[in-house]
Structures are given as C-alpha cells and as structure tokens.
Amino acid sequence: GEDVEQSLFLSVREGDSSVINCTYTDSSSTYLYWYKQEPGAGLQLLTYIFSNMDMKQDQRLTVLLNKKDKHLSLRIADTQTGDSAIYFCAESPGANSKLTFGKGITLSVRP
Amino acid sequence: EAQVTQNPRYLITVTGKKLTVTCSQNMNHEYMSWYRQDPGLGLRQIYYSMNVEVTDKGDVPEGYKVSRKEKRNFPLILESPSPNQTSLYFCASSLLRGSGANVLTFGAGSRLTVL
Numbered sequence: 002g003e004d005v006e007q008s009l010f011l012s013v014r015e016g017d018s019s020v021i022n023c024t025y026t027d028s029s030s031t032y033l034y035w036y037k038q039e040p041g042a043g044l045q046l047l048t049y050i051f052s053n054m055d056m057k058q059d060q061r062l063t064v065l066l067n068k069k070d071k072h073l074s075l076r077i078a079d080t081q082t083g084d085s086a087i088y089f090c091a092e093s094p095g096a097n098s099k100l101t102f103g104k105g106i107t108l109s110v111r112p
Numbered sequence: 173e174a175q176v177t178q179n180p181r182y183l184i185t186v187t188g189k190k191l192t193v194t195c196s197q198n199m200n201h202e203y204m205s206w207y208r209q210d211p212g213l214g215l216r217q218i219y220y221s222m223n224v225e226v227t228d229k230g231d232v233p234e235g236y237k238v239s240r241k242e243k244r245n246f247p248l249i250l251e252s253p254s255p256n257q258t259s260l261y262f263c264a265s266s267l268l269r270g271s272g273a274n275v276l277t278f279g280a281g282s283r284l285t286v287l
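Taken in order, these protein sequences are the chains called A and B.
Numbering of the first sequence is given in this note's numbering, commencing with residue 2 and proceeding in unit increments.
Numbering of the second sequence is given in this note's numbering, commencing with residue 173 and proceeding in unit increments.
No lab work stands behind these hints: they were computed from the structure.
Be a bit skeptical, because a hint or two may be false.
Part of the chain A face toward chain B, derived, beta carbon under 8 Å [said to hold, decoys possible]:
id : residue
1  : Tyr32
2  : Lys99
3  : Gly103
4  : Lys104
5  : Leu108
Here are the simulated DSSO-like cross-link-like pairs (lysine-lysine), alpha carbons at most 27 Å apart as the crow flies [said to hold, decoys possible]:
id : chain 1 : residue 1 : chain 2 : residue 2
6  : A       : Lys68     : A       : Lys99
7  : A       : Lys69     : A       : Lys37
8  : A       : Lys57     : A       : Lys69
9  : B       : Lys243    : A       : Lys99
10 : B       : Lys237    : B       : Lys189
11 : A       : Lys99     : B       : Lys241
12 : A       : Lys37     : B       : Lys229
13 : A       : Lys104    : A       : Lys69
14 : A       : Lys68     : A       : Lys104
15 : A       : Lys71     : A       : Lys57
16 : A       : Lys37     : A       : Lys104
17 : B       : Lys241    : A       : Lys71
18 : A       : Lys71     : A       : Lys99
19 : B       : Lys237    : A       : Lys104
20 : B       : Lys190    : B       : Lys229
21 : B       : Lys229    : B       : Lys189
22 : B       : Lys189    : A       : Lys99
23 : B       : Lys229    : A       : Lys104
24 : A       : Lys99     : A       : Lys69
For each residue, glycine too, the CB sits at the ideal point set by N, CA and C.
Generate coordinates for the entire structure from the input sequences, incorporating the hints supplied.
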C-alpha cells in the first residue's frame, strides 16, 4: 500500500531556513501536499503540488518535487517562532482521492 | 466563516458507554472524512463519505460507525468505546472537483479519553 515517510523532529534557529523532507512510495501519486498543525488545532493546508511540476513557490515557502526519487521537500525561508508546529506531508493518487499522510515532523524554532 | 465544527472538543468517558462525536461543515462540501491522530502513528483515516448516503471504510474502521443523512453532517459513533479508542479525532471535508487536488478543511479536533 501507499506509504509516506518523514523524520520526526527538526530544530532550527529563528531567521534560518528550514528544510523538511518527505518520501513516498506510490508512483501514481498525482498530488502532494503539505499541511501544518499548530498546537491544539486542526491541520491547515499550506500548499500542494501537482506531479507534473518540479517546484512551487509561495512567499516564504518553496516546494521541491523529485518524482524519480519520490522525494518531496518544503523549504521555509526566514523561519519564525510562529512556524513552530507539526508539518505533515500527504499524497493522493488522483483527483477526489483519499490522502495518505506521513506521521508528521515537529519543527521547533529557537530564538 | 467557512469551517468544520466538531463537538465535543474534549470528552472523558468509560468503556462501553455509547458516544457520538458530531461534525458539521458549512461549505457545501461533498467529501467528508474522519481521522484519528495518535503519537508515533500520525493520521489514520477511519471512514469517509463521498456524498449523502455514501460512506466507505478507511484504514482503521473497527469499532466505529458513521452516517451521512445530510450533506453538512457526518457524525462519528462509538457504540461501545474501549480504551484503545482514546485518541485525538479530526473531521475534514472537501469540495469534489472533476480534476484537481483534494484540499481538505479540518475541524479543530476532539480529544477523547476512554477509561
């Protein structure tokens, strides 16, 4: 079945860039997503990328997709303390399809 | 405000006492889903619904029931809760499109403890 893998924890200094990585196994993944979960809250969509794209940029966020290696990354530029949260990678094989989530990585931003 | 509303947000109950967690969305979304979040296991899908009166099992449906009698509501029913159902539960919904990403909107979560 589908599997999405992430590291569990990342600590960065405020102002540095954060890079969060994710690997997935389903070669038919069409959409790949990044969700953010702040403490005590539900998940919020940060961004998603269609599999025919290599890169997507949205303000401080840059998503890179290496489809050959089934590797997805999220770069957060100028990381702030408000970026401290759990970040989930997810994939779906097509439109209107079930999302498979990774276990989530906790990003801790230290002053 | 467009949102997914879950109730209760926190609940402590005892083994075997039936409970229902409600979920309601005001965005006219066709797709609704329930997830549970457990430490070290991430998010796992319990049940989902593509539209009214259409429900399907997710990855961990045992011990749960759902119904979708109206488009806006998707309650999660635990007929006889057990301690292994202690978890953080999330409801989510999305607009189904002919093509495009399945962009989920999540509720704030319901923390359930079964003693």
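Status of each hint after checking the structure:
With 8 Å as the threshold, the beta carbon of Tyr32/A comes within range of chain B, its nearest partner Cβ sitting at about 4 Å, so the hint holds. The beta carbon of Lys99/A comes within 6 Å of a beta carbon in chain B, closer than 8 Å, and the hint placing it at the interface holds. Residue-level restraint check for Gly103/A holds (minimum Cβ-Cβ distance to chain B is 6 Å; threshold 8 Å). Because the smallest distance between the Cβ of Lys104/A and any Cβ of chain B comes to about 3 Å, under 8 Å, the interface hint for this residue holds.
Checking Leu108/A against chain B by beta carbon gives a least distance of about 15 Å; that is not within 8 Å, so the hint is violated. Straight-line distance between C-alpha atoms of Lys68/A and Lys99/A comes to about 20 Å, which keeps the hinted pair within the 27 Å bound. A threshold of 27 Å between alpha carbons decides the hint, and for Lys69/A with Lys37/A the separation of about 26 Å falls inside it, so the pair holds. Between Lys57/A and Lys69/A the alpha-carbon distance is near 17 Å, which keeps this suggested pair within the 27 Å criterion.
Taking the CA atoms of Lys243/B and Lys99/A, the gap is near 19 Å; set against the 27 Å cutoff, the hint holds. For the given pair, Lys237/B sits about 14 Å from Lys189/B by alpha-carbon distance, which is consistent with the 27 Å threshold. Distance hint between Lys99/A and Lys241/B is fulfilled; the C-alpha atoms sit about 21 Å from each other, no more than 27 Å. For the hint pairing Lys37/A with Lys229/B, the CA-to-CA distance comes to about 25 Å; that is within 27 Å, so the pair holds.
Our distance criterion of 27 Å between C-alpha atoms is met by Lys104/A and Lys69/A, whose separation comes to about 22 Å. With a C-alpha separation of about 20 Å, the suggested pair Lys68/A and Lys104/A falls inside the 27 Å cut-off, and the hint holds. Taking the CA atoms of Lys71/A and Lys57/A, the gap is near 16 Å; set against the 27 Å cutoff, the hint holds. Straight-line distance between C-alpha atoms of Lys37/A and Lys104/A comes to about 12 Å, which keeps the hinted pair within the 27 Å bound.
Of the pairs offered as hints, the one joining Lys241/B and Lys71/A is violated, with about 39 Å between alpha carbons and a cut-off of 27 Å exceeded. In summary, the hint linking Lys71/A to Lys99/A is supported, as the alpha carbons are separated by about 18 Å, within the 27 Å threshold. Simply put, Lys237/B and Lys104/A have alpha-carbon atoms about 24 Å apart, close enough for the 27 Å limit, and the pair holds. Under the criterion of a C-alpha separation no larger than 27 Å, the hint pairing Lys190/B with Lys229/B is consistent with the structure, at around 20 Å.
The suggested pairing of Lys229/B with Lys189/B holds, with an alpha-carbon distance near 23 Å, which does not exceed 27 Å. With a C-alpha separation of about 31 Å, the suggested pairing of Lys189/B with Lys99/A is violated against the 27 Å cut-off. Using a Cα cut-off of 27 Å, the hinted pair Lys229/B and Lys104/A holds, with the two alpha carbons roughly 20 Å apart. A distance of roughly 22 Å separates the Cα atoms of Lys99/A and Lys69/A; the hinted pair therefore holds under the 27 Å criterion.
Figure legend: structure checked against the earlier numbered hints; hints not met, in rising order: 5, 17 and 22.
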